[in-house]
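Novice: Work out the full structure: start from the sequences and follow the hints.
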Amino acid sequence: MQSQLPFYPEQASNFAGSVDSLMLYLSLVSLFFAAGITAAIVFFFFRFHRKEPNEVGVPIYGNMRLEATWIIIPFFLAMTMFGWGAVVYVEYRHPPQDTLDIYIVAKQWMWKAQQPTGLREINELHVPVGRDVKLIMASEDVIHDFFVPAFRVKMDVVPGRYNTMWFRPTKVGRYHFFCSQYCGTNHAMMGGWVTVMEPSDYAAWLSGSSGAEADPVALGEKLFVEKACSTCHLASGLGRAPSLNGVYGAKVLLADGSTVTADDAYIRESILQPNAKIVAGYQPLMPAFQGQLTEEQILGLMAYIKSLQSLPAPAKEAGIAPATEKK
Amino acid sequence: MSSTSTVPVHTMPREHYLNASYGIRSWLLTTDHKRIALLYLIGVTFFFFVGGTFATMIRIHLLTPTGYLVSPETYNKLFTMHGVAMIFFFLIPSIPAVLGNFLVPLMIGAKDVAFPRINLLSWYIYITGGCFVLYSFFTGGLDTGWTFYTPLSSVYSNSAVTPAVIGIFINGFSSILTGLNFVVTIHTMRAPGMTWFRLPLFIWAQYATSIIFILGTPVIAISLLLVGLERMFHLGFFNPALGGDPILFQHLFWFYSHPAVYIMILPAMGVVSEIIPTFARKPIFGYSFIAGSSIAIAVIGFLVWAHHMFLTGQSTYSALTFSLLSYLVAIPSAVKVFNWASTLYKGSISYDTPMLYALGFIGLFLIGGLTGLFLACLGLDIHIHDTYFVVAHFHYIMVGGAVMGYVGALHFWWPKITGKLYPEFLARVAAVILFVGFNLTFFPQFILGYLGMPRRYHNYPPEFQVLNVMSTAGASILALGYLLPMIYLTWSMRYGKVAGPNPWPATGLEWHIDSPPPAENFHVTPEVDWEPYDFGNRPDLGLAAPLTPSHAPAHGDD
Numbered sequence: 001m002q003s004q005l006p007f008y009p010e011q012a013s014n015f016a017g018s019v020d021s022l023m024l025y026l027s028l029v030s031l032f033f034a035a036g037i038t039a040a041i042v043f044f045f046f047r048f049h050r051k052e053p054n055e056v057g058v059p060i061y062g063n064m065r066l067e068a069t070w071i072i073i074p075f076f077l078a079m080t081m082f083g084w085g086a087v088v089y090v091e092y093r094h095p096p097q098d099t100l101d102i103y104i105v106a107k108q109w110m111w112k113a114q115q116p117t118g119l120r121e122i123n124e125l126h127v128p129v130g131r132d133v134k135l136i137m138a139s140e141d142v143i144h145d146f147f148v149p150a151f152r153v154k155m156d157v158v159p160g161r162y163n164t165m166w167f168r169p170t171k172v173g174r175y176h177f178f179c180s181q182y183c184g185t186n187h188a189m190m191g192g193w194v195t196v197m198e199p200s201d202y203a204a205w206l207s208g209s210s211g212a213e214a215d216p217v218a219l220g221e222k223l224f225v226e227k228a229c230s231t232c233h234l235a236s237g238l239g240r241a242p243s244l245n246g247v248y249g250a251k252v253l254l255a256d257g258s259t260v261t262a263d264d265a266y267i268r269e270s271i272l273q274p275n276a277k278i279v280a281g282y283q284p285l286m287p288a289f290q291g292q293l294t295e296e297q298i299l300g301l302m303a304y305i306k307s308l309q310s311l312p313a314p315a316k317e318a319g320i321a322p323a324t325e326k327k
Numbered sequence: 328m329s330s331t332s333t334v335p336v337h338t339m340p341r342e343h344y345l346n347a348s349y350g351i352r353s354w355l356l357t358t359d360h361k362r363i364a365l366l367y368l369i370g371v372t373f374f375f376f377v378g379g380t381f382a383t384m385i386r387i388h389l390l391t392p393t394g395y396l397v398s399p400e401t402y403n404k405l406f407t408m409h410g411v412a413m414i415f416f417f418l419i420p421s422i423p424a425v426l427g428n429f430l431v432p433l434m435i436g437a438k439d440v441a442f443p444r445i446n447l448l449s450w451y452i453y454i455t456g457g458c459f460v461l462y463s464f465f466t467g468g469l470d471t472g473w474t475f476y477t478p479l480s481s482v483y484s485n486s487a488v489t490p491a492v493i494g495i496f497i498n499g500f501s502s503i504l505t506g507l508n509f510v511v512t513i514h515t516m517r518a519p520g521m522t523w524f525r526l527p528l529f530i531w532a533q534y535a536t537s538i539i540f541i542l543g544t545p546v547i548a549i550s551l552l553l554v555g556l557e558r559m560f561h562l563g564f565f566n567p568a569l570g571g572d573p574i575l576f577q578h579l580f581w582f583y584s585h586p587a588v589y590i591m592i593l594p595a596m597g598v599v600s601e602i603i604p605t606f607a608r609k610p611i612f613g614y615s616f617i618a619g620s621s622i623a624i625a626v627i628g629f630l631v632w633a634h635h636m637f638l639t640g641q642s643t644y645s646a647l648t649f650s651l652l653s654y655l656v657a658i659p660s661a662v663k664v665f666n667w668a669s670t671l672y673k674g675s676i677s678y679d680t681p682m683l684y685a686l687g688f689i690g691l692f693l694i695g696g697l698t699g700l701f702l703a704c705l706g707l708d709i710h711i712h713d714t715y716f717v718v719a720h721f722h723y724i725m726v727g728g729a730v731m732g733y734v735g736a737l738h739f740w741w742p743k744i745t746g747k748l749y750p751e752f753l754a755r756v757a758a759v760i761l762f763v764g765f766n767l768t769f770f771p772q773f774i775l776g777y778l779g780m781p782r783r784y785h786n787y788p789p790e791f792q793v794l795n796v797m798s799t800a801g802a803s804i805l806a807l808g809y810l811l812p813m814i815y816l817t818w819s820m821r822y823g824k825v826a827g828p829n830p831w832p833a834t835g836l837e838w839h840i841d842s843p844p845p846a847e848n849f850h851v852t853p854e855v856d857w858e859p860y861d862f863g864n865r866p867d868l869g870l871a872a873p874l875t876p877s878h879a880p881a882h883g884d885d
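Which chain is which? The protein sequence lines are H and B, in order. Mapping to our numbering: the first sequence position 7 is 7, numbers consecutive. Mapping to our numbering: the second sequence position 16 is 343, numbers consecutive.
Derived from the structure by calculation, the hints contain no laboratory data. Hints are supplied without guarantee of correctness; some may be wrong.
Claimed, not checked - In silico DSS-like links for lysine-lysine, alpha-carbon gap of 30 Å or less: (1) K51/H to K747/B; (2) K134/H to K112/H; (3) K673/B to K51/H; (4) K107/H to K171/H; (5) K51/H to K824/B; (6) K134/H to K277/H; (7) K107/H to K222/H.
Said to hold, decoys possible - Chain B is faced by these chain H residues, among others (derived, beta-carbon under 10 Å): (8) F7; (9) S27; (10) A40; (11) P128; (12) A188.
Claimed, not checked - One-sided excerpt, in silico: chain B residues whose CB lies under 8 Å from chain H: (13) S484; (14) A487; (15) F612; (16) S645; (17) A646; (18) R782; (19) A846; (20) A871.
Since we're looking at a predicted model, the values are computed, not measured. By construction, the Cβ of each residue, glycine as well, lies at the ideal position given by its N, Cα and C atoms.
Specialist: Dropping the structure here:
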């Protein structure tokens, strides 16, 4: 892929350039200080070598001005490193709007990716070049970490929560990804390839592979009935639990008077630990599904609830049943 | 030794702490801090061998991309047990418990530590904890990483986690008791005239370390106990399936384990602050800045732990805060380096082995410390977190820094501990071999990390092989560099030249008494009326007058 001994990996995402610039800046500052101090020590070492066995050095006890200098200058340099690093990090932690969302489920010792169409891959990830891609990641067991060196991005994948990361691939090609959080026996085998494609190739690849049987919405809809969610979460809003029509992405009023946005993390929590946040006007009746669903089943339910996003909500205010039922 | 040629031949003192009493009971039931120090020396040397053996196997295994020596399970156990043995049972007790125990009372003019029997107890606790951990190693091993991240350690690992966490839990009390002993000793048992600003800088470093021992160790003891409880009784502290939070463990773990890095490096900094003025024969530059920076590192070091967790999904504000604080802790470390370098200016510098180690320490600590700035940098950490860059960085601090300091200290105080001189030429050669071998082992790992090789991989893509081979080659040189001192130091105990009370000469109180010291240290309680490292005003050392007459100011700085 590259010459025998490169010093940095390929640059294939929007973050690669900024991370490498930071690296260069810190390396130059460090080199300056390391070389300067080493040179001074080596010079003193030979210049002031002991000539007579009984000789002593010239007593110098200190110098306030020097102390102030080597406190203040390193402090300001350190603050530039902090500030610049913070800018890159804040951008990385705040994905832009309108991303291509791909769900990632990690388990000992494999990666499953699920494209927006429901198409699934294992230890492979296909993304279009030039598009902002957001990975929404969950773990079935221990902590993993999704790491693409050529993109200069990584993020822990933590059981019990969703972590997200984003990047914009800038170069078509195939790049290694690794698990970089130690996760047990085959940690080193838990890697694969990201394939960055031209958008047209990506679209062709998506449609060329059949994803019907893996349709997460269908899985979610089936589970919604099997797990008896449908007995309370009536679409009409007349059930013992709120209707899920139009909930995804909307603001929800809670029993304690606060509001939350019904994002992935909220819906996940409401499935696994429903009593954590009770919707205003409803009783805490729902059983907890903590430990009873696989991450893929949760993703299916999530996809199903997401598919109801476009349906109109039964009422403006949660908890007040509407007069008529729409379906 | 450049200065010994003019010194008359010494004879060993008739009575000293080593021959004050005989028999195994006189050692195992001793309350003499110097003998306890030697008991610790045996313990930490044993664990250094254990950890070093694991390291050797790791490096041999990584010679090829597919790794031919051991299975993935075994590899994971090797790096875990390497870390546990080296960190909890070698590095943390090395300088504080071996040299600290030997030197703290001698340096302040006391006859022993404040609680001699508790001191012996802490050694027994250390050995007990060590036995539990060895039991874990030999009955299934340990494969969680020394970091014990949950829920891998508390739910999924099939290895012997429970005895290991019990062992580390027990061992923690040994650190706490040692820290307590030192704090009380330094506060209450200083000789008349030994004011705080006349204390050797090694004592300041031990004091700062002891504070971390007392405040930090209970936290790791408790968090590992929680891991054990979750494993045995399925309590949901960290397991998300039971409503626990795996990230909570990381907070608790790093609350101790980041300050633990300063437990390892601060005493080594104290050693360097003793060696440099001694072999430059002049007062240390900026005494109060070096002393104060030890305390600053100990205090700020408690406030940076979550910089190990920038990519766990923690809030951006938390990440910003911990990055900023991490940059602040770099300043006192930089201050020390600048002051050490300035101390050399217009010194009378000898090339004795301890000096080579001290200067080697500065060089390696510089690289280790500066690369810490890279990891504290939020944007850069996204890429280099959990790669070999981290492995290289902390080995530069812990091995390049702490172990160089420890080996340098062993050489510096060896004449005091044993009464014998080590072979100087061989020792200088070994110091150079260590320095070269260390850099060849660990510098390529910075590049490996930036290229994207993750930590804790038993195999790797072939493009990483060149750098791994360099690293393994360096490790074999490094191993030679460690074996040499073990051999010639042991040899010198019997065959070395008699050292005399003060072979260098140095200014500390420990050099006023015989080598090896008498069992009660000081026949008469010494009175201190001189400033630290003030070679120009110490006619008792038999040195020439300084080139520029001067009078030491009360606090060491102008």
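Novice: All hints are to be evaluated individually against the structure, with a verdict given for each.
Specialist: Structure-based check of all given hints:
{"no.": "1", "hint": "K51/H to K747/B", "result": "26 Å, holds"}
{"no.": "2", "hint": "K134/H to K112/H", "result": "15 Å, holds"}
{"no.": "3", "hint": "K673/B to K51/H", "result": "12 Å, holds"}
{"no.": "4", "hint": "K107/H to K171/H", "result": "29 Å, holds"}
{"no.": "5", "hint": "K51/H to K824/B", "result": "24 Å, holds"}
{"no.": "6", "hint": "K134/H to K277/H", "result": "26 Å, holds"}
{"no.": "7", "hint": "K107/H to K222/H", "result": "24 Å, holds"}
{"no.": "8", "hint": "F7", "result": "6 Å, holds"}
{"no.": "9", "hint": "S27", "result": "8 Å, holds"}
{"no.": "10", "hint": "A40", "result": "5 Å, holds"}
{"no.": "11", "hint": "P128", "result": "22 Å, violated"}
{"no.": "12", "hint": "A188", "result": "4 Å, holds"}
{"no.": "13", "hint": "S484", "result": "7 Å, holds"}
{"no.": "14", "hint": "A487", "result": "15 Å, violated"}
{"no.": "15", "hint": "F612", "result": "6 Å, holds"}
{"no.": "16", "hint": "S645", "result": "11 Å, violated"}
{"no.": "17", "hint": "A646", "result": "6 Å, holds"}
{"no.": "18", "hint": "R782", "result": "7 Å, holds"}
{"no.": "19", "hint": "A846", "result": "33 Å, violated"}
{"no.": "20", "hint": "A871", "result": "5 Å, holds"}
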